[in-house]
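Each protein sequence line maps, in turn, to chains L and X. Per my numbering, the first sequence starts with residue 122, numbered consecutively. Per my numbering, the second sequence starts with residue 4, numbered consecutively.
Simulated from the structure, these hints should not be mistaken for lab results. Think of the CB as a built atom: it goes at the ideal place given N, C-alpha and C, for glycine as much as any other residue. Worth double-checking, as some hints may not be accurate.
Claimed, not checked - Heads up, simulated EDC-like pairs for lysine to aspartate or glutamate below, C-alpha to C-alpha not over 16 Å straight-line:
no., chain 1, residue 1, chain 2, residue 2
1, X, K74, L, E280
2, X, K97, L, E319
3, L, K165, L, E280
Claimed, not checked - Derived contacts from chain L toward chain X, CB cut-off under 10 Å, selection only:
no., residue
4, S321
5, M323
6, V326
7, T329
8, N330
Said to hold, decoys possible - Calculated from the model, a selection of chain X residues having no Cβ within reach of chain L, i.e. all distances over 12 Å:
no., residue
9, G60
10, W63
11, W75
12, V77
13, N83
14, N96
15, E140
16, R207
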Amino acid sequence: MPLSADYIARETATNLWRNRLMTIAAVLTVAVSLALVGAALLLKQGAANAENYWQRGTQVTVWMKASSSPSESHAVGSELKQLPYVHACSYHSQLADYREAKTLLSPGEFQALTVKTTPASYRCTPNQPQYAQAVYNRFNGQPGVLKVSAPFSQIHTMEETITVLQWVFLSVALVLLLSAGVLILNTIRMAIFARRREVSVMKLVGATNWFIRLPFMSEGLIQGLIGSIVAAAVVFGLHALLNSLANPNNPGTVLYQMRLSGWELFGTDFVVVLIGVLIGSVGSAMAIRRFLDV
Amino acid sequence: MIRFDNVTKAYKNGTVAVRNVSLDIQKGEFVFLVGPSGSGKTTCIRMLLREELPDRGRIWVAGREIIHMPKWRVPYLRRNVGCVFQDFRLLPNKTVFQNVAFALEVIGRPKSVVESQVPQVLDLVGLSKKRDNLPSELSGGEQQRVAVARAFVNRPLILLADEPTGNLDPGTSQGIMRLLDRINRTGTTVVVATHDAALVDWMRRRVVELDQGTIVRDQARGVYGIDANTGPVPRTEVGARRS
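Only chain L is shown next, with the shape it has when bound in the complex (with noise of 0.2 Å):
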């Protein structure tokens, strides 16, 4: 039977007109946990961004004891150089670690400092970043090591705040979806009830099934759509207004270091849609199963 495409438009426009109060609370809340869904996708990608970029940049520092020999101080050396992970070191003399701590610490920290007092230091890039712990162990405790310090402790703080957020963001958000799609559920109940004369009426003229079924059908799936149009909208907004806070000339920030691809945001925004569509299709689909009779 060829589906009459027009009927089937004019119907469902006719549904969600009759229940629009219904239609804009089920197509909100679906925006409103789909931006959700998407700000944590966001988050998601970001974090594995700026966790990229603090790898790429892991330092491993070896401290020398100002009081170290210089055959130790050169052992270290010459055995930093030989490992096969390490891609790059550096020695920096007393006096160069002298002059930078000068330009990092406070007066009153510094004055305590002199060239003697201050450790020469190795500073090496390793091949690959989880090599920084091979080096740690390696040297922590050598003789002539002061100590040997790698960023570890940030970068794990500062993945455990983004997972953490993570969670809480897709936790909300799944609770929201869950309410979205009984919302639409709800919805198609409603326009069931309200259609119940038309549906027999049908019934009895010989439409099939699914004929019966496509306008409540398609009503579930664009309210998920819109909704979902809706959050892709505010994904966009929100990776906008960060792009437009991540200073470039900064790059140290943590916001520049998480900025997305225009095809991650996109991408991102696609999975929106997509949830959307499938929400509005599954709640559509269960009211009919459950209450249209046909």
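Use these hints to put chain X onto chain L, whose structure you have.
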């Protein structure tokens, strides 16, 4: 055109609505199903539309056995069986034209067919001038005419009517019967379930009487009750009388 073969139907509460009913209705016949309330008339109509399934026996409609028909084929069966009810079942927010057109639209008929068929059938039922009225602006008789037009617009092989004059005065009821008669003359088989004795007596068509789910009389050119002139008619005589 319609055949019941030893059909029995009982409801969940134990009421036996139809008991061992066997009945043949030929193409182009006009048949009254009569009997008191609860005698099984409506159950027979509902079974012909496959809204109910019998517990035993088989039913053929338009050459097809409908009991074992897959569910997806039922809508196609209903396109060959128009139906009219006592309560009209019109859509209150649609005009006369839209109510009739709805029956064609929902089975996917193209707009050109809708635009040519609906005016024809409205002309047949005498409502051409009221095509833009809402059902609430029509009398009961006119509303039933719209219902008949909707049932007939797809030119079904069979037209079923369940108490079509139950809500109408005698004069209007006769008008509806004349209309059903006109439709019958086009070759459509018409089955009317009624307990309107005056109409049955006036029409003098085949009468099948049900009592507590059983056929107790099947009479060609019959009346509602027992005919004073001919007396009770055994079922076996029906074929001879009809011919």
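Item to check | Violated hints, by number in ascending order, as checked against the structure | outcome: Checked against the structure, the hints that fail are numbers 1, 11, 12, 13, 14, while the rest are satisfied.
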